[in-house]
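Trainee: Just so you know, the sequences run in chain order A and B. Quick note, our numbering runs 266 ahead of the 1-based positions in the first sequence. Quick note, our numbering runs 3 ahead of the 1-based positions in the second sequence.
Derived by calculation from the structure, the hints in this document are not laboratory data. Nothing false has been slipped in among the hints.
Listed next, the in silico SDA-like pairs over lysine to any residue satisfying Cα-Cα at most 20 Å (straight line):
{"id": "1", "chain 1": "B", "residue 1": "K58", "chain 2": "A", "residue 2": "R328"}
{"id": "2", "chain 1": "B", "residue 1": "K60", "chain 2": "A", "residue 2": "R327"}
{"id": "3", "chain 1": "B", "residue 1": "K58", "chain 2": "A", "residue 2": "D288"}
{"id": "4", "chain 1": "B", "residue 1": "K58", "chain 2": "A", "residue 2": "A325"}
{"id": "5", "chain 1": "B", "residue 1": "K58", "chain 2": "A", "residue 2": "A291"}
{"id": "6", "chain 1": "B", "residue 1": "K60", "chain 2": "A", "residue 2": "R332"}
{"id": "7", "chain 1": "B", "residue 1": "K60", "chain 2": "A", "residue 2": "R328"}
{"id": "8", "chain 1": "B", "residue 1": "K58", "chain 2": "A", "residue 2": "P286"}
{"id": "9", "chain 1": "A", "residue 1": "K521", "chain 2": "A", "residue 2": "V533"}
{"id": "10", "chain 1": "B", "residue 1": "K60", "chain 2": "B", "residue 2": "S95"}
{"id": "11", "chain 1": "B", "residue 1": "K58", "chain 2": "A", "residue 2": "A289"}
{"id": "12", "chain 1": "B", "residue 1": "K60", "chain 2": "B", "residue 2": "A94"}
{"id": "13", "chain 1": "B", "residue 1": "K60", "chain 2": "A", "residue 2": "L334"}
{"id": "14", "chain 1": "B", "residue 1": "K40", "chain 2": "B", "residue 2": "M16"}
{"id": "15", "chain 1": "B", "residue 1": "K60", "chain 2": "B", "residue 2": "E83"}
{"id": "16", "chain 1": "B", "residue 1": "K60", "chain 2": "A", "residue 2": "A290"}
{"id": "17", "chain 1": "B", "residue 1": "K60", "chain 2": "A", "residue 2": "A291"}
{"id": "18", "chain 1": "B", "residue 1": "K58", "chain 2": "A", "residue 2": "L330"}
{"id": "19", "chain 1": "B", "residue 1": "K58", "chain 2": "A", "residue 2": "L285"}
{"id": "20", "chain 1": "B", "residue 1": "K42", "chain 2": "A", "residue 2": "R305"}
{"id": "21", "chain 1": "B", "residue 1": "K58", "chain 2": "A", "residue 2": "R332"}
{"id": "22", "chain 1": "B", "residue 1": "K58", "chain 2": "A", "residue 2": "R287"}
{"id": "23", "chain 1": "B", "residue 1": "K60", "chain 2": "A", "residue 2": "V333"}
{"id": "24", "chain 1": "B", "residue 1": "K58", "chain 2": "A", "residue 2": "D331"}
{"id": "25", "chain 1": "B", "residue 1": "K58", "chain 2": "A", "residue 2": "L334"}
{"id": "26", "chain 1": "B", "residue 1": "K40", "chain 2": "B", "residue 2": "D27"}
{"id": "27", "chain 1": "B", "residue 1": "K58", "chain 2": "A", "residue 2": "A290"}
{"id": "28", "chain 1": "B", "residue 1": "K58", "chain 2": "A", "residue 2": "R327"}
{"id": "29", "chain 1": "B", "residue 1": "K60", "chain 2": "A", "residue 2": "D331"}
{"id": "30", "chain 1": "B", "residue 1": "K58", "chain 2": "A", "residue 2": "V333"}
{"id": "31", "chain 1": "B", "residue 1": "K58", "chain 2": "A", "residue 2": "V329"}
{"id": "32", "chain 1": "B", "residue 1": "K60", "chain 2": "A", "residue 2": "L330"}
{"id": "33", "chain 1": "B", "residue 1": "K42", "chain 2": "A", "residue 2": "W316"}
{"id": "34", "chain 1": "B", "residue 1": "K60", "chain 2": "B", "residue 2": "E12"}
{"id": "35", "chain 1": "B", "residue 1": "K60", "chain 2": "B", "residue 2": "M16"}
{"id": "36", "chain 1": "A", "residue 1": "K521", "chain 2": "A", "residue 2": "A489"}
Just a few of them, taken from the derived set where beta-carbon distance is under 7 Å, the chain A residues facing chain B:
{"id": "37", "residue": "I294"}
{"id": "38", "residue": "L295"}
{"id": "39", "residue": "G296"}
{"id": "40", "residue": "E301"}
Ideal Cβ placement from N, Cα and C applies to all residues, glycine included.
Here's the letter readout for the chains.
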Amino acid sequence: MTNTNSPPRIPEQALRRRLPRDAAASSILGDLREEYAQRAATAVTNARRWYWREAFSIATRRVLDRVLKPLRPVTTQRSSRKGDAMLARLIIDFRYAFRTLRRSMGFTIAAATTLAIGVGANTAIFSVVNGILLEPLPFPDADRLTSVWHAAPGLGYDRIGMSPGIFTEYRDQVSAFENIGLYVASQSNLTGDGEPERVRTVTASRSLFDVLGVNPTYGRLFAAAEEVPNAPNVALISERLWERRFGSDPSVVGKTIQVSGDAIHRVGE
Amino acid sequence: MGHHGFVGEFEQMVMLAILQLNDDAYGPGISAALEAKAKRRVSRGALYSVLDRLKQKGYVRWEIGSANSERGGHPTRQFEVTAPGIDALRASRRALDNLWSDLDHILLGD
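Could you put together the complete structure from these sequences and hints?
Mentor: Right, dumping it as structure tokens:
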């Protein structure tokens, strides 16, 4: 139930708490009550809205006046609180900047757009640089991982791949590395269950997983018997593919998928 | 009263409204006078703020009046423009009159 002669309680109580406890402040509450009663006689909803607005305006003006008081030359009172003057200047600076910008909207829009593009471009570049150069690779002892490749500058090749034969030579003969893995990245067509799709694939030696220090969530890594010529094709699928295409189903281990036409037995995710 | 410069436009309007209201110058009356005569809608926050400032400058004083039930037991506050306030208004008017003089051919119109 609302008494139409009484103003809304919440703004009145809030304003009472903001105002000092003296007769002058009390008279403000009385003025508002009197005006509210006159307005409510014709339109209660409008009167309530009016009361909320005016109570808010009085409360905010009091805060602003207290903060801005140190800058007003007429007052002989001491600055009421330390730091008020600095805050006041800051507010005045912001208001001045806002008004200046509002006066020249074209410039403001151009400057804001330029800033937005600049900040966006920098963020994008930093994300790439951070991901590639600054952040360590997501493997244990990432700082001990090294890429090895061959070069033939005399022939004009700065970077050439490694044949399986040379890889086995390195693996068996070179003691500088704790372990060495071989991989070739490419793309393949994944068919069979559901829609065919183009996926990124890596043909890898069994040791690559030891080098990177990773293990499958389900299933097992490649076995030694699977690394010899004419061994059955086996594959591990990424967690992302497992979630997206197979709905994170653990029972996919051991099933067969078609990769670019070849039937491959899955051994792990 | 060591004031610097002239009173602001809104300060002048509030003091003039108080003078217009004579013995009935309290919050709601002043805002009503400003709305009626100056066609200016006044937020109560701005009005009470400027009244406080005018009192600090010594241009306005007030007296606490009686309370009644219509006002929820809160008293009224009657405002009055002081002699320095009237001096300030005169000084502002003189300055404006000087600046307006000889500009009728530009500024007089409808």
